[in-house]
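Asks: Chain residues, written in single-letter form:
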Amino acid sequence: MRYFRTVKLGTKSLLLHPMRSLLTVLGIFIGVASVIWLLAIGEGISKEAQRQIEDLGAENIIIRSIKPPDESGGNFRQITAFGVTRNECKLINDTISTVKRVLPIRELSQKFAYTGNPNVKPVDGRLVGCTADYAEVTRLEIERGHFLTTREVELNRPVCVIAAKLAERLFPSEDPLNKQIYLPEKKENFKIVGVLKHRNATAAIGGSLAAQDFSLDIYIPVTTMRARMTDQETKRAGGSFSTKLFELSQITVQVKSSDDVPRTAELVEATLRQNDADRQDIAVVVPYELLEQAKTTRLMFMMFMGLIAAISLIVGGIGIMNIMLATVTERTREIGIRRALGGKQRDIVLQFLVETITLSIVGGITGILMGLLCPVVVDVSRWGLEYFAPQLYASLPEVARVMRPTIVPISIPVAFGISVVVGVFFGLYPAVRAAQLDPIEALRHE
Amino acid sequence: MTQTSTRMAAVIRDLQKHYVLKSETVRALRGVSFEVPEGDYVAIMGPSGSGKSTLLNLLGCLDQPTHGSFLLGGDDVAQMTDDELSTIRASRIGFVFQSYNLIAQLSVVENIEVPLYYMGNLNAQSRKRSIELAKMVGLGERLDHRPTQLSGGQQQRVAIARSLVNDPYFILADEATGNLDSVTTEEILALFQRLNDEGKTIIMVTHEDEVAEHAKRVIRLRDGEIQFDKPVEGRKVFTAEQIQEIAHNADVASRGAE
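Chains C and W are the protein sequences, given in the same order.
Under numbering that gives the first Met the number 0, the letters of the first sequence match residues 0 to 445, in that order.
Under numbering that gives the first Met the number 0, the letters of the second sequence match residues 0 to 257, in that order.
Looking at chain C on its own, in the form it has when it is part of the complex (with noise of 0.2 Å):
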């Protein structure tokens, strides 16, 4: 009954400055909710950059071929190989034994027409030789038709697979499936034989992994590829030539488990060294490595966002205090009264501990609310931006635009832990302060 009349008290003294208390609470509100919102936005992006890196596969090694610097100026300029060859690709197979399997990969970018339709455009895009374990490993999933076959590339077909976003552009009304795609720069045609399913791009990772847009893709037997096209590749730009010469752009290893790819990595890097141990034209990601090294980033991140949230919470308690403050000066008459008519120091303690921590609670429930609201409002203003401002939203980097805020359970407790905490701490010195005046004092206070 006593403290349940406290409690009535205490809301009706709020209750008499509803603008200053809706302040005060609006303080800890902001503090809970950006707890929660800036927890679930670090969570979601490492999340997601977690997922990117997944995507490449834990249990992978990529080694990709990197053209060196052109050493001679001119056009006398001789044509050295670089990169990974395909007897290394063969040679890691054959000795590592804890290899599972290595996919060759040579990619190049290319014109990409349908001659059928004429009023499609050539697109740009990239045209990848590999091999039928291609599209288990990076996980391309087939929508119609079916991925290059061990047959396939066996008998060096002149068949392919299209990319979704590629399908879309050059076949706006028909059916791709068994269409030609011709390559302009090639002469050559190629028979759809599969179609696959969107997929988001892949970020840039650390810098030895550029972002891997999967979108304007075609897949062809890296062996037809060769037979057709050779290992050197010569492209017109800006008037003058430039020819590079080199057997794959990038060999993908995959490794039996994962726990295994730390040591893998080591022995495919000696292998690819053996004869130079400076060789600058190749770059080996462990993307095994780069999840390992995510997560610690993941933890920093998360302690730097609650640190600024926390930040937030102290601003919000420091409102409470300097409200209470005021209050408790203002009050002064009100407490000699109390103190008059019996009320003990505690007696004041406690009513003036019961306002803070009712605001603190208040601001603590609302700013959960709306820190569960977070994905949603996330959702809404992507969406209104994509209406409102496409270009602005365009420009968004990928994370921004992919990523889904995930609500930390553990920051809800948390938070309101912490508000309560900050209510009971920033309230108790203006409690105090006020149960320590002379009663005498306070009643003559006018």
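Honestly, the hints are just simulated from the structure, not real lab data.
Remember, it's a predicted structure, so these values are computed and weren't measured experimentally.
Mixed in with the good hints, there may be bad ones.
Unchecked claim - Below are the SDA-like pairs computed for lysine to any residue, each with C-alpha atoms no more than 20 Å apart in a straight line:
| id | chain 1 | residue 1 | chain 2 | residue 2 |
| --- | --- | --- | --- | --- |
| 1 | C | Lys343 | W | Met79 |
| 2 | C | Lys343 | W | Asp62 |
| 3 | C | Lys190 | C | Glu153 |
| 4 | C | Lys11 | W | Asp143 |
| 5 | C | Lys11 | W | Ala103 |
| 6 | C | Lys343 | W | Asp81 |
What the hints assert, rightly or not - Short derived list, chain W residues pointing at chain C, Cβ under 8 Å:
| id | residue |
| --- | --- |
| 7 | Gly59 |
| 8 | Gln78 |
| 9 | Asp82 |
| 10 | Thr86 |
| 11 | Arg88 |
| 12 | Ala89 |
| 13 | Ser90 |
| 14 | Val108 |
| 15 | Tyr116 |
Said to hold, decoys possible - Calculated Cβ distances over 12 Å to all of chain C for the following chain W residues:
| id | residue |
| --- | --- |
| 16 | Arg29 |
| 17 | Phe33 |
| 18 | Ser68 |
| 19 | Ser85 |
| 20 | Gln148 |
| 21 | Phe227 |
A virtual CB, placed ideally from N, CA and C, is assigned to each residue, including glycine.
Got chain C; can you put chain W on it based on the hints?
Replies: Frame of chain C; chain W shown alone:
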């Protein structure tokens, strides 16, 4: 009443209070002794600086004497801790202030209950008692009103009801009519007389002779000492009819005001 007059509501012996202000010591009370038997009606008078307020604070257990003793129902207030003083104030003293000092957030009946709240005695029975007291002071129909919705006289009647709720040793009235006009002053004084006639002990501090004339006894302070302590000669007493009439008029006036 005569049977209980030998029991003491308050016994004060050589009460001294010194304040230390910077370097000098102000001797506000320099040894005051008197007794207040139960059922007494005392007016404490004196010019400003006479120690009136200091004595009031001591009688109200808001302060402690530098020297001397103040026995309240057998307990010496001079030896009490702050919490014990609070308990005494809640349970044994009925304050009536010049400026009513009701709590703005609370209704009439809740204001009356405040001392009980601090005694931890809030229950259905105490609520009933508070309502009865509100009725007794003529505010039975305004239980849920806020102080700001009441006139000065009505607020003071609420304060008097509040002072009675804990069945105190005495009602301590500090210039209780100081903020009121003459009609309302009469109303309050009539109420005091009625309570005193019913056996309540009243100690009131005032500087108005007309008010003091209603008491049974006057203690006059001067420079921290008792100048005189004597029964009131020619005490003004309201007759029972007058009391009824005043109460009736007050009731009519407040109804008309609404």
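Asks: If a hint holds in the structure, say so; if it doesn't, say that too.
Replies: Now for the hints, and whether the structure bears them out:
Using a Cα cut-off of 20 Å, the hinted pair Lys343 (chain C) and Met79 (chain W) holds, with the two alpha carbons roughly 13 Å apart. Of the pairs offered as hints, the one joining Lys343 (chain C) and Asp62 (chain W) holds, with about 14 Å between alpha carbons and a cut-off of 20 Å not exceeded. Restraint check for Lys190 (chain C) and Glu153 (chain C): the C-alpha separation of about 16 Å stays at or below 20 Å, so the hint holds. A threshold of 20 Å between alpha carbons decides the hint, and for Lys11 (chain C) with Asp143 (chain W) the separation of about 14 Å falls inside it, so the pair holds.
Annotation: proposed proximity of Lys11 (chain C) to Ala103 (chain W) holds, straight-line Cα distance about 10 Å (limit 20 Å). A C-alpha spacing of about 8 Å is found between Lys343 (chain C) and Asp81 (chain W), which places the hinted pair at or below 20 Å, so the restraint holds. Hint status for Gly59 (chain W) relative to chain C: holds, with the closest Cβ pair at about 7 Å, below 8 Å. With its C-beta approaching chain C no nearer than about 18 Å, Gln78 (chain W) sits outside the 8 Å limit, and its interface hint is violated.
At a threshold of 8 Å, the smallest CB-CB gap from Asp82 (chain W) to chain C is about 5 Å, leaving the interface hint in force. Satisfaction of the interface hint for Thr86 (chain W) is found here, the shortest Cβ-Cβ separation to chain C being roughly 7 Å, below the 8 Å cut-off. With 8 Å as the threshold, the beta carbon of Arg88 (chain W) comes within range of chain C, its nearest partner Cβ sitting at about 4 Å, so the hint holds. Because the smallest distance between the Cβ of Ala89 (chain W) and any Cβ of chain C comes to about 2 Å, under 8 Å, the interface hint for this residue holds.
Hint status for Ser90 (chain W): holds, given a least beta-carbon distance of 7 Å to chain C, under 8 Å. Against a cut-off of 8 Å between C-beta atoms, the interface hint on Val108 (chain W) is violated, since the closest Cβ of chain C lies about 13 Å away. Annotation: Tyr116 (chain W) was flagged as interfacial toward chain C, and the flag holds, the nearest CB pair being 6 Å apart, inside 8 Å. Look at Arg29 (chain W): its CB is around 20 Å from the nearest CB on chain C, clear of 12 Å, so calling it non-interface holds up.
The beta carbon of Phe33 (chain W) sits about 22 Å from the closest Cβ of chain C, which is more than 12 Å, so the claim that it is off the interface holds. Listed as outside the interface, Ser68 (chain W) is consistent with that label: its C-beta sits roughly 20 Å from the nearest C-beta of chain C, beyond the 12 Å cut-off. The claim that Ser85 (chain W) lies off the interface is violated: its Cβ sits roughly 4 Å from the closest Cβ of chain C, which falls inside the 12 Å cut-off. Under the 12 Å C-beta cut-off, the non-interface status given to Gln148 (chain W) relative to chain C holds; the minimum distance is some 15 Å.
The claim that Phe227 (chain W) is not at the interface with chain C holds, since no C-beta of that chain comes within 12 Å of its own (minimum 27 Å).
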